[in-house]
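A.B. asks: For the sequence shown, full-length UniProt numbering begins at 1 and goes up steadily by one.
To be clear, the hints were calculated from the coordinates, so they are not data collected in a lab. It is possible that some hints are incorrect.
To be verified - Cross-link-like lysine-lysine pairs, in silico, DSS-like; alpha carbons within 30 Å at most: (1) 127 with 74; (2) 67 with 127; (3) 114 with 127; (4) 107 with 127; (5) 99 with 77; (6) 74 with 103; (7) 67 with 99; (8) 77 with 114.
What the hints assert, rightly or not - Taking CB as the label site, the calculated pair distances span: (9) 99 with 119: 29 to 37 Å; (10) 139 with 107: 19 to 27 Å; (11) 74 with 105: 15 to 23 Å; (12) 103 with 74: 33 to 41 Å; (13) 74 with 104: 32 to 40 Å; (14) 75 with 101: 31 to 39 Å; (15) 117 with 88: 24 to 32 Å; (16) 139 with 94: 16 to 24 Å; (17) 120 with 89: 24 to 32 Å; (18) 111 with 75: 16 to 24 Å; (19) 120 with 88: 19 to 27 Å.
As the structure is a computational prediction, the values presented were derived from the model and not from experiment. Each residue gets a CB set at the ideal place from its N, CA and C atoms; glycine is no exception.
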Amino acid sequence: MIGRAQLLAGIGRWARPPSWSPGASARWASAGEAAGGAAEGTAKAAAAAAAGADSPGGEQAAPVAFKPFRLEGKPGKRHLWCACGFSGNQPFCDGSHFKARWKGESKKWPVLFKVPESGIAWLCLCKQTGKPPFCDGSH
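Work the whole structure out from these sequences, hints included.
C.D. replies: Below is the structure:
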């Protein structure tokens, strides 16, 4: 049986600093790498942030979700598409916009739509579309 001290020594102990800094994330990522974790991406992102770049390559970061979501369903079935981006069930609404609106983080509401007659819809995940909820390639 592994004791608490051995467990903490294996993964590294990281306490949240009073304010975030890229160096703190890099130290945390190093502790994860020492434990055999896959923190390489986190360390690179922290190093890029410390250097002042938006992304590891130095170019402006692109939206995280740039591929549309393929929805296959019964034609005419209704769904709610998340417009605020806070849903944990993307691209569908899970009610997270209520909490986001309360905090003042979002003023967007979900979009009600029906599955087209073809039974296939391509839903936008980047939230940059001009034809919500359908992807128009704006990303």
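A.B. asks: Under the criterion that the straight-line Cα-Cα distance not exceed 30 Å, is the pair residue 67, residue 99 satisfied?
C.D. replies: At roughly 27 Å apart (the allowed maximum being 30 Å), residue 99 and residue 67 satisfy the hint.
A.B. asks: Does the beta carbon distance between residue 120 and residue 88 stay inside 19 to 27 Å, or does it fall outside?
C.D. replies: Given a distance of about 24 Å, which is inside 19 to 27 Å, the answer is holds.
A.B. asks: Holds or violated: residue 114 and residue 127, Cα atoms, limit 30 Å.
C.D. replies: Within the cut-off at roughly 18 Å; holds.
A.B. asks: If you check the beta carbons of residue 117 and residue 88, does the distance land in 24 to 32 Å?
C.D. replies: Holds, at about 30 Å.
A.B. asks: Starting from the range 16 to 24 Å, see whether the pair residue 111 and residue 75 falls in it by beta-carbon distance.
C.D. replies: holds (18 Å)
A.B. asks: Taking 32 to 40 Å as the stated bounds, is the beta-carbon spacing between residue 74 and residue 104 within them?
C.D. replies: holds (38 Å)
A.B. asks: If you draw a straight line from the CA of residue 127 to the CA of residue 74, is it 30 Å or shorter?
C.D. replies: Measuring from Cα to Cα gives roughly 24 Å; hence the hint holds.
A.B. asks: Holds or violated: residue 77 with residue 114, Cα cutoff 30 Å?
C.D. replies: holds (5 Å)
A.B. asks: Between residue 67 and residue 127, does the CA-CA distance stay at or below 30 Å?
C.D. replies: holds (11 Å)
A.B. asks: Determine whether the Cβ-Cβ distance between residue 120 and residue 89 falls within the hinted range of 24 to 32 Å.
C.D. replies: violated (20 Å)
A.B. asks: For residue 99 and residue 77, compute the direct alpha-carbon distance and say whether it is at most 30 Å.
C.D. replies: holds (27 Å)
A.B. asks: Does residue 127 sit within 30 Å of residue 107, going by the straight-line distance between their CA atoms?
C.D. replies: holds (14 Å)
Checked against the numbered hints given earlier, the structure breaks hints 6, 11 and 17 and satisfies all the rest.
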